[in-house]
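Work out the full structure: start from the sequences and follow the hints.
Listed in order, the protein sequences are those of chains A and B. Position 101, counted from 1, in the first sequence is what our numbering calls 237; the numbers after and before it change by one each time, with no gaps. Position 176, counted from 1, in the second sequence is what our numbering calls 328; the numbers after and before it change by one each time, with no gaps.
Read the hints as simulated data drawn from the structure, not as lab findings. Hints are not guaranteed to be accurate.
What the hints assert, rightly or not - No more than 30 Å apart at the CA atoms, straight line, and that leaves these computed lysine-lysine pairs for BS3-like:
#, chain 1, residue 1, chain 2, residue 2
1, B, K199, A, K146
2, A, K296, B, K199
3, B, K400, A, K146
4, B, K254, B, K236
5, B, K222, B, K372
6, B, K238, A, K296
7, B, K274, A, K146
8, A, K146, B, K222
Claimed, not checked - Derived coverage of chain A by chain B (criterion: at least 3 residues anywhere in the stretch with Cβ under 8 Å from a Cβ of chain B; other residues may be distant):
#, stretch
9, 144-155
10, 212-223
11, 306-317
Given the structure is predicted, the values throughout are model-derived calculations rather than measurements. Backbone N, C-alpha and C define an ideal beta-carbon position, used for all residues, glycine too.
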Amino acid sequence: MFLNGFIAVKEGLPYIIQGALVNVVVVIGALLLGCSIGLPMAIGQVYGGRMLRRIIGVYVWFFRGIPLLVLLFLFYFGLFSFLGLNLSAFAVAVIVLGLISSAYQSQVIRGAILSIPDGQLKAARALGMSDARAVFFIILPQALRLSIPGWSNEYAIVLKDSAVTYALGVAEMMARANHVASRTYQHLHLYIAAGLIFMALTYIGTKALNIAHNRLKIPGYTQ
Amino acid sequence: MKKRIVALVICATMVIGFGLASAAAGDKVFINGMDANYPPVSFIDAKGQPDGLDIMAANWIAKEMGFTVKHQPTDWAAIIPSLKAKKIDFIASGMSVTPERKEQVNFTKSYHQTIMMLVAKKGTDWNTEKAMKEGTRWGVQRGTSEAHWIEDNLLKAGKKFTLQQYDSAPLAMEDILNGRIDVCSVSKTSADEFIEKGMPIQILGRYGQPDDETAYAVRKEDTELLNMLNEGLDRLMATPYWQELKDKYGVK
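And the structure:
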């Protein structure tokens with residue numbers, strides 16, 4: 137019984153690990169997409185006008201308020217088909233996780249921006265910097281450093297969420313563990329293997345961001 | 153300041169939007185949506201390649217008829233929406249022909265009869281009559297012809313057993329062994345496979361569902377592909393290779 141389980145895991149491992157790479161690519165894509173939308177949104181929410189802040193607020197509410205599985209099906213079978221865009225399940229997984237992540241990341245960055253003392257912006261203005269220059273060269277370099285612990289959290293969440301994309305048929309790790317289990321009937325061992333790989337990936341990612349956080353820290357800087 | 157920020161937000165969103173739009177595939181490639189959890193009809197082999205009776209048959213037909221086939225594992229409950237949304241081009245994965253499905257898609261000629269059986273854990277005293285009684289816990293794969301048949305003909309007719317739906321037949325089998333369900337409705341092909349793989353399962357017999365015709369499904373408008381698959385099936389079933397395949401995968 138146990139031996140058969142280990143044989144199934146050993147034999148299925150290359151196939152499952154290819155799935156783990158799919159998860160990692162989905163997560164990297166989603167985090168990059170989320171950051172490139174989330175950063176402008178955070179700036180807009182802190183410094184933008186009332187209308188812009190309201191629009192961003194609704195966007196954040198939408199993507200934080202709807203379950204991932206609903207959004208995946210809504211975009212994959214509903215929205216993109218309606219628009220005539222025939223995107224692959226993989227592309228939809230990256231886009232949906234990215235859009236959700238952008239909502240969360242915007243709040244992480246927004247919090248970081250708000251934690252920078254107001255006096256810094258005033259000082260930059262007094263030195264003759266424009267508002268935009270002051271934000272980009274004084275506020276953001278500090279705020280983004282402060283966002284790293286939040287990103288580390290976001291990485292772990294998106295990584296785990298990426299397993300849900302198997303519902304669309306993305307050939308990620310959970311789907312592949314099921315494929316192997318359907319052939320070998322060793323569900324317990326294969327799910328344990330998938331869980332351990334997810335744990336390893338979570339550890340590697342959060343550790344890397346932790347190291348980045350320490351390396352990028354401004355020496356002697358306290359708020 | 154505000155204008156610049158607005159412009160920045162719009163630019164960033166657009167660049168990403170266009171950057172992610174993926175390119176379409178070339179012509180003469182057809183994607184087969186497969187249930188990757190349905191051995192021996194369609195599954196993933198030890199090397200990670202799609203395998204099974206229907207997969208090998210589709211490969212043969214593709215070669216014979218001069219197109220390229222790719223097999224895309226797809227969730228069974230969402231397989232017809234996937235076909236209609238053009239995520240896949242046809243379904244060669246042991247699909248039963250049902251009136252409801254016929255309204256949605258076109259089917260090729262039948263190449264196999266799917267016989268539905270009730271199974272239970274080995275050594276228990278379940279039989280098909282006892283299973284119909286109140287309190288029995290039935291399992292079934294979600295979105296299958298048997299799931300619809302049981303709902304329409306047994307539950308709606310007043311049978312009081314509970315029906316538990318699963319993503320795949322192997323997961324339902326797993327729950328029979330776990331003791332969460334008492335009996336499960338599966339194709340005879342699946343049941344034989346479970347037993348051959350050494351699962352402690354026994355076949356109780358038929359529970360009243362008529363045999364299903366099994367065929368490939370295509371979109372209503374794709375008559376060209378439908379004709380090509382029909383022609384391919386004709387040619388395949390005329391060769392000894394068809395019987396070899398059925399013997400190899402233990403499909404009667």
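- prompt: Out of the numbered hints, which ones does the structure contradict?
  reply: Checked against the structure, no hint fails, so every one of them is satisfied.
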